[in-house]
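Take these sequences, add in the hints, and give me the full structure.
Line by line, the protein sequences give chains A and Z. Under the working numbering, think of the first position of the first sequence as 1, with each following residue one higher. Under the working numbering, think of the first position of the second sequence as 161, with each following residue one higher.
Hint data in this document are derived by calculation from the structure and do not stem from the laboratory. Cβ coordinates follow ideal geometry from the N, Cα and C atoms, glycine included. Fair warning: there could be bad hints in the mix.
[Unchecked claim] Pulled from the structure, derived: some chain A residues nowhere near chain Z, Cβ distances all over 12 Å:
#: 1; residue: Gly3
#: 2; residue: Asp11
#: 3; residue: Lys34
#: 4; residue: Leu40
#: 5; residue: Asp43
#: 6; residue: Asp106
#: 7; residue: Ala124
#: 8; residue: Lys135
#: 9; residue: Tyr137
[To be verified] Quick look at which bits of chain Z chain A covers, simulated, 3 or more residues with Cβ under 8 Å:
#: 10; segment: 229-239
#: 11; segment: 482-496
Residue-level listing of the chains:
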Amino acid sequence: MKGSVIKYEQDNIDTDVILPGPYLKIHDYDELAKHAMEGLDKDFHKKVKPGDFIVAGRNFGCGSSREHAPIALSSSGIKAVLALSFARIFYRNAVDGAFLLPIEIDENVYKDISDGDSLEIDTAKNEIKNLTKNKTYKIKPFPDLIGKIIAAGGLFNYKP
Amino acid sequence: MLNITEKILARASGKSKVSPGDVVFVNVDKVMVHDVSGPGVIAVFEKLRKSGMKIEKLWDPDKVWVAEDHFVPAADKISAQNVVLLTNFTKQFGIKKHFKYGMGQYGICHTLSHEEAMVLPGEVYVGGDSHTNTTGALGAFAAGLGHTDVAYVMLNGKIWFKIPETLYFKLNGKLPDYVMAKDFILKIIGDIGTDGAAYNTMQFGGTGISEMSVEERLTLTNMSTEAGAKSGIIEPDQKLRDYLAARGATKYNEVHGDADAQYKKVYEYEASELEPIVAKPFSPENTVVARELSSIDLDKAYIGSCTGAKLEDLRAVAKILKGRTVKIRTEILPAAISIFRKAMDEGLLKIFMDAGVVVGPPTCGACCGAHMGVLAKDEVCISTTNRNFPGRMGHIESKTYLASPLVTAASAVTGKITDPRDLK
Numbered sequence: 001m002k003g004s005v006i007k008y009e010q011d012n013i014d015t016d017v018i019l020p021g022p023y024l025k026i027h028d029y030d031e032l033a034k035h036a037m038e039g040l041d042k043d044f045h046k047k048v049k050p051g052d053f054i055v056a057g058r059n060f061g062c063g064s065s066r067e068h069a070p071i072a073l074s075s076s077g078i079k080a081v082l083a084l085s086f087a088r089i090f091y092r093n094a095v096d097g098a099f100l101l102p103i104e105i106d107e108n109v110y111k112d113i114s115d116g117d118s119l120e121i122d123t124a125k126n127e128i129k130n131l132t133k134n135k136t137y138k139i140k141p142f143p144d145l146i147g148k149i150i151a152a153g154g155l156f157n158y159k160p
Numbered sequence: 161m162l163n164i165t166e167k168i169l170a171r172a173s174g175k176s177k178v179s180p181g182d183v184v185f186v187n188v189d190k191v192m193v194h195d196v197s198g199p200g201v202i203a204v205f206e207k208l209r210k211s212g213m214k215i216e217k218l219w220d221p222d223k224v225w226v227a228e229d230h231f232v233p234a235a236d237k238i239s240a241q242n243v244v245l246l247t248n249f250t251k252q253f254g255i256k257k258h259f260k261y262g263m264g265q266y267g268i269c270h271t272l273s274h275e276e277a278m279v280l281p282g283e284v285y286v287g288g289d290s291h292t293n294t295t296g297a298l299g300a301f302a303a304g305l306g307h308t309d310v311a312y313v314m315l316n317g318k319i320w321f322k323i324p325e326t327l328y329f330k331l332n333g334k335l336p337d338y339v340m341a342k343d344f345i346l347k348i349i350g351d352i353g354t355d356g357a358a359y360n361t362m363q364f365g366g367t368g369i370s371e372m373s374v375e376e377r378l379t380l381t382n383m384s385t386e387a388g389a390k391s392g393i394i395e396p397d398q399k400l401r402d403y404l405a406a407r408g409a410t411k412y413n414e415v416h417g418d419a420d421a422q423y424k425k426v427y428e429y430e431a432s433e434l435e436p437i438v439a440k441p442f443s444p445e446n447t448v449v450a451r452e453l454s455s456i457d458l459d460k461a462y463i464g465s466c467t468g469a470k471l472e473d474l475r476a477v478a479k480i481l482k483g484r485t486v487k488i489r490t491e492i493l494p495a496a497i498s499i500f501r502k503a504m505d506e507g508l509l510k511i512f513m514d515a516g517v518v519v520g521p522p523t524c525g526a527c528c529g530a531h532m533g534v535l536a537k538d539e540v541c542i543s544t545t546n547r548n549f550p551g552r553m554g555h556i557e558s559k560t561y562l563a564s565p566l567v568t569a570a571s572a573v574t575g576k577i578t579d580p581r582d583l584k
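Given below as structure tokens:
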């Protein structure tokens with residue numbers, strides 16, 4: 001996966017800003033994409049390109065259980081979110097619904113990646129190449145079941 | 161050596177023992193959706209059908225129940241259509257427990273879970289809403305899930321969980337006058353942060369919890385979500401048995417932790433040292449004692465939601481509002497029709513209306529900034545709800561302070577953030 005980075009140097013980016021409450025009544029995936037990140041970044045839908053990655057701080061996706069949040073990001077073209085940590089429901093929604101990859105990064109990687117950097121993510125090798133900075137970062141492999149669900153293409157395709 | 165959560169999840173996964181970190185598929189006893197997550201699940205079913213899956217029946221329609229709470233009364237045409245979708249869904253799959261707006265008992269899903277004893281001690285309960293944790297005060301494992309996971313449960317009757325580690329919060333002694341469970345949970349979130357219990361269970365116990373009513377306990381488990389917890393839980397006792405018996409539930413299998421149960425960490429609080437607490441914008445962890453905020457001018461007071469509009473919350477508000485009038489726009493929305501009726505029978509509604517308050521129907525509407533009284537730009541609100549993220553209750557530049565029903569009511573009277581002990 002290759003794409004460029006949209007970075008929010010912020011902890012606790014909650015689902016209320018990823019997809020604000022008034023749009024919870026919407027279940028059309030393309031319509032949701034128009035409102036992605038609206039509570040934090042009004043220009044997000046203009047700047048996001050298919051294949052992009054979001055980089056953020058601690059506890060990404062905290063707050064409500066709305067699956068609208070990973071859906072809106074995924075429908076906008078986001079393929080992975082790289083964060084210091086994830087809130088639990090956002091994490092499992094992203095994986096079980098096969099919307100995007102939630103990838104935990106450490107503090108050094110978080111600091112090193114800049115907005116606009118071009119990255120290549122290889123989950124088979126557990127590494128991220130920063131093509132802009134010509135560096136390679138190691139990432140932790142996904143926990144066993146999570147890796148299997150991702151490989152299957154979501155919970156419904158996974159056979160326990 | 162297992163705690164209550166480990167015992168419930170071991171039983172539900174068919175194992176004699178589980179340890180934190182184990183990933184297991186657990187059998188679910190009850191599953192709930194509302195008018196946001198229900199249409200979300202319907203959209204997942206549609207996606208699965210398009211990929212070739214046949215979906216003709218649910219795993220067990222008698223274990224599925226449905227609430228209408230977020231966008232009722234219908235906020236607009238889309239919301240009205242979602243309720244129609246939900247109604248067709250329950251008819252199609254033979255779901256009998258659907259609490260419908262305008263047809264007797266209805267209300268916020270988490271409130272119905274205890275008011276109607278929809279969930280019982282020892283059960284595994286999942287819901288399409290993050291505050292599903294609330295119901296853990298009934299001695300059940302209760303956790304929120306997204307649409308795909310809930311759809312999976314509805315079709316398969318099970319779901320994966322990582323066995324959580326448990327943080328034990330021990331409250332020593334009875335809460336002082338004018339201090340409520342809301343103050344205690346805000347104090348905890350201020351101490352540990354909004355990810356302080358991430359992926360863990362928060363268990364509450366000690367003499368202070370034994371002294372506490374079931375409704376107050378529900379405020380603690382409700383806001384375990386705001387500390388990032390997977391679930392919140394309290395062990396069953398006689399108070400809970402009486403509460404459930406009053407709602408017709410007497411048969412269930414209680415689960416209790418072993419005497420030598422293991423916890424990741426134990427936090428101790430002395431009830432006598434707790435004071436009214438307020439969480440400032442824009443995070444529930446942003447807490448200070450209410451008295452420090454006495455110069456903050458307010459535009460609105462909101463008493464509603466699964467967190468702060470149970471019967472005892474309304475009684476607390478009435479204690480303050482009796483014989484007084486409000487200085488700012490104030491709304492009180494009981495969390496369920498059964499609570500609305502009890503508030504009427506007890507004369508609370510008269511006290512509210514005499515004070516100049518608007519009393520409205522149960523809904524999540526304004527708590528999540530969707531409808532029914534959202535905030536304008538720069539407006540400042542004090543609220544008995546559970547979240548105050550940017551834009552949560554309306555305009556992105558509005559501000560919400562989270563407080564107990566007593567602090568919120570006292571502030572409604574003065575128009576400034578007010579510790580109820582300072583009210584003249």
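Are all C-beta atoms of chain Z more than 12 Å from that of A/Lys34?
For A/Lys34, whose nearest Cβ neighbour in chain Z is about 14 Å away, the distance exceeds 12 Å, so it holds.
Given as non-interface: A/Lys135, partner chain Z, CB spacing beyond 12 Å:
holds, 28 Å
Test coverage of the segment 229-239 of chain Z by chain A using CB-CB distances below 8 Å; three residues minimum.
holds (count 6)
Beyond 12 Å on every Cβ pair: is that true for A/Asp11 relative to chain Z?
violated, 8 Å
Does the claim that A/Tyr137 lies outside the interface with chain Z hold up, using a Cβ gap greater than 12 Å?
holds, 23 Å
Beyond 12 Å from every chain Z Cβ: check whether that's true for A/Asp106.
Holds: least Cβ distance 16 Å, greater than 12 Å.
Chain Z versus A/Asp43 - minimum CB to CB distance exceeding 12 Å, so not interface:
holds, 14 Å
A/Leu40 clear of chain Z by more than 12 Å, beta carbon to beta carbon?
violated, 8 Å
Tell me if chain A covers the segment 482-496 of chain Z under the three-residue, 8 Å CB rule, please?
n = 0 at 8 Å, threshold three: violated.
For A/Gly3, is the shortest beta carbon distance to chain Z beyond 12 Å?
holds, 24 Å
Beyond 12 Å from every Cβ of chain Z: is that where the Cβ of A/Ala124 lies?
holds, 21 Å
In summary, the numbered hints that this structure violates are 2, 4, 11.
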